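K.L.:
Residue strings, one per chain:
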Amino acid sequence: MSTQSAQSILFTHTAPQQAFRLLELPPDLAELLASDNPPTLEIKSPTPTTDSTDAPADTTRDYINLCTPTQTYRIRQVQSSNSLHVLRPSDDGAQRGDLAVIGATQENDEPVPDLNLSETMTAIAKCGSTLELHTPQEGFNIIPILEGLLGKYDSSDDISMSTRDGGMMVDSTDRKRIVEKLFADVPVSNLQCARAWKDICAFVLPATGRGWVPTARAKVGVWKRVVEGAVLQGIDLGTQFLVGDLWKSMLDEDGEGEWPRELFEAVVGRVCETGDEGSLLEGELKWASIDKERCVRWVGETYLEAAAPTAAAAVGRSEFLNAWKDHLPEGWREEATFSKLTEDKHRFPDPTTVCFVSDEDRQKLKKNLSTDASASTAAKKTRNWHELFKNQKRQKR
Amino acid sequence: MPSIPLHPRASNPSARVNNPLPQLLQTPSGLALLELQGTINIPSQENSENNESSGSSPAGPGNPNGAPVFETPIGKLMFPDYSPQFTAPDDTKWMKRVYLYVGRYQRMTGEVKKLPQPLAIVQRRQKELGAAADDKEELEIVEIVKYKIYFKSRPEPVNDI
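First to last, the protein sequences are chains A and B. Just so we're aligned, residue 1 is where the first sequence starts under the numbering used here, counting upward by one. Just so we're aligned, residue 1001 is where the second sequence starts under the numbering used here, counting upward by one.
Hints in this document: simulated from the structure, not taken from any laboratory. Remember, predicted model here, so these are calculated numbers, not experimental data. Ideal placement from N, C-alpha and C gives every residue a C-beta, glycine not left out. Please note that a few of the clues may not be correct.
[Said to hold, decoys possible] To be clear about the criterion: a stretch of chain A counts as covered by chain B if any three or more of its residues have a C-beta under 8 Å from a C-beta of chain B, and this derived list gives those stretches:
no., segment
1, 7-14
2, 39-45
3, 144-153
4, 223-232
5, 302-314
[As the list claims (entries may be wrong)] Think about it this way: if two alpha-carbon atoms lie no more than 35 Å apart in a straight line, the pair counts; the simulated DSBU-like pairs of lysine-lysine are:
no., chain 1, residue 1, chain 2, residue 2
6, B, Lys1146, A, Lys176
7, A, Lys126, B, Lys1152
8, B, Lys1146, B, Lys1114
9, B, Lys1148, A, Lys176
10, A, Lys126, B, Lys1093
11, B, Lys1127, A, Lys176
12, B, Lys1113, B, Lys1148
13, B, Lys1114, A, Lys198
14, B, Lys1127, A, Lys126
15, B, Lys1136, A, Lys181
16, A, Lys176, B, Lys1113
17, B, Lys1113, A, Lys126
18, B, Lys1113, A, Lys198
19, A, Lys176, B, Lys1093
20, B, Lys1113, A, Lys345
[What the hints assert, rightly or not] Short, incomplete list of chain B residues facing chain A, as computed with Cβ under 7 Å:
no., residue
21, Pro1005
22, Gly1030
23, Leu1034
24, Met1108
25, Ile1121
26, Val1122
Required output: the full structure, derived from the provided sequences and hints.
P.N.:
Structural data, given as structure tokens:
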């Protein structure tokens, strides 16, 4: 069969080459980018853990994430033995080398008629690797990172101490700016940051110019006060109520509160029906309605964390149940049962006691439990050798 | 660690040039992907610069460093079963055969393949003139490509055509 009649495109190589990276797009991301008004994505990496500034930042980064406004992907570089060239049509503006080498001209330097030189594709870049995106099964575990960026709030003494130091630079007293700056350092999408923020009841004290995370003790303290205040003011926590009224119930005769209002709102927000986390950065809460299930679980776990943070400090089970009931609005007392607690957030070190399992311990447990065998067979099946060898390395250690 | 923005669109879309590829492989920016086993070996930069010193070397447009742009002819690309006039848009038979002639006497046979996942071609966003040197890095997606021209076999010898 003759190929003479087919159209020939001159293929050239352009020097200098350009720098490109190729990024594999999972279907949902491809769809997002193809939409009419695609969002700007972010590439985030964790802040180096060492504070020494002389260490080059690049060596301490252990992963890089790509974030859409709502989702996070981990980026992995995959080498290939094949080379992928990026081509573009040539505009004929550049100088070309000797065309005779490819037979585009005849001996007398007349161009071969069927090769139209305006039809040229030129290789402008070569990529030996592509970037793959994946979502780690174990999640991103960003709460420790976020907590590391926040001040620990146990009582108002912490605030006065940190402001007395004078070492704190107050960049901005604008709540929104402070939160945005914090989220920039947490290597996941803003929505996931906002969820974690809400989860740990973090709050901003604009006067200090930074964010704070309350200790379990502080959270329990605030909550206890909320329940007491609600009783005094006759606010039914089981229905919708005005947050402002509840806040007033927490103040003493002089209008002074034991806790900052920001912390109070964070705690109330934590136990409320899940709304749109995106609204986190906007104004204050007005109306609230507490999600019973969420609230009961949160109160139990937070109280347990405050009272029995480790196995060594475990408390008696009935003692714990009674205290838990005392921290709930009257009508919800019967809700306090062990089955309401999240499975992996508590354990029973001996037959009569119960204690809290911290995030850190939970991560350790999870790692031990992960079945390496199934992971390696899955890796073999997908021919993903990267995964396979990663597991083997871990076993040796 | 500051986050690096990755813009979903290029800041200055490249000028439109007549695209000789089959319709399916054409993208708005004109960029396309070609995969080879092995690489294209090109004489080193010094060599091509020596060549150029003999002739005129107009600096091509779109070249940030102002270094001369030089195109080295490698061969010819051919879609033997494709014709812009007669191939129906939904006809995919032509995709099974692509030739890449390297020099005059070698030919590689390949095919056009749909990528399992689309690939975004990402580059560093060109800084605007007058932007501070320590301005933070920004990336942009120049193009999203869904097909590639794929040569998985080695070149075979052919007669001069």
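K.L.:
Run every hint past the structure and note whether it holds.
P.N.:
Structure-based check of all given hints:
{"no.": "1", "hint": "7-14", "result": "holds (count 8)"}
{"no.": "2", "hint": "39-45", "result": "holds (count 7)"}
{"no.": "3", "hint": "144-153", "result": "violated (count 0)"}
{"no.": "4", "hint": "223-232", "result": "violated (count 0)"}
{"no.": "5", "hint": "302-314", "result": "violated (count 0)"}
{"no.": "6", "hint": "B:Lys1146 x A:Lys176", "result": "violated (40 Å)"}
{"no.": "7", "hint": "A:Lys126 x B:Lys1152", "result": "holds (16 Å)"}
{"no.": "8", "hint": "B:Lys1146 x B:Lys1114", "result": "holds (6 Å)"}
{"no.": "9", "hint": "B:Lys1148 x A:Lys176", "result": "violated (45 Å)"}
{"no.": "10", "hint": "A:Lys126 x B:Lys1093", "result": "holds (28 Å)"}
{"no.": "11", "hint": "B:Lys1127 x A:Lys176", "result": "holds (28 Å)"}
{"no.": "12", "hint": "B:Lys1113 x B:Lys1148", "result": "holds (5 Å)"}
{"no.": "13", "hint": "B:Lys1114 x A:Lys198", "result": "violated (43 Å)"}
{"no.": "14", "hint": "B:Lys1127 x A:Lys126", "result": "holds (23 Å)"}
{"no.": "15", "hint": "B:Lys1136 x A:Lys181", "result": "holds (15 Å)"}
{"no.": "16", "hint": "A:Lys176 x B:Lys1113", "result": "violated (48 Å)"}
{"no.": "17", "hint": "B:Lys1113 x A:Lys126", "result": "holds (18 Å)"}
{"no.": "18", "hint": "B:Lys1113 x A:Lys198", "result": "violated (46 Å)"}
{"no.": "19", "hint": "A:Lys176 x B:Lys1093", "result": "violated (57 Å)"}
{"no.": "20", "hint": "B:Lys1113 x A:Lys345", "result": "violated (50 Å)"}
{"no.": "21", "hint": "Pro1005", "result": "holds (5 Å)"}
{"no.": "22", "hint": "Gly1030", "result": "holds (5 Å)"}
{"no.": "23", "hint": "Leu1034", "result": "holds (5 Å)"}
{"no.": "24", "hint": "Met1108", "result": "violated (11 Å)"}
{"no.": "25", "hint": "Ile1121", "result": "holds (5 Å)"}
{"no.": "26", "hint": "Val1122", "result": "holds (5 Å)"}
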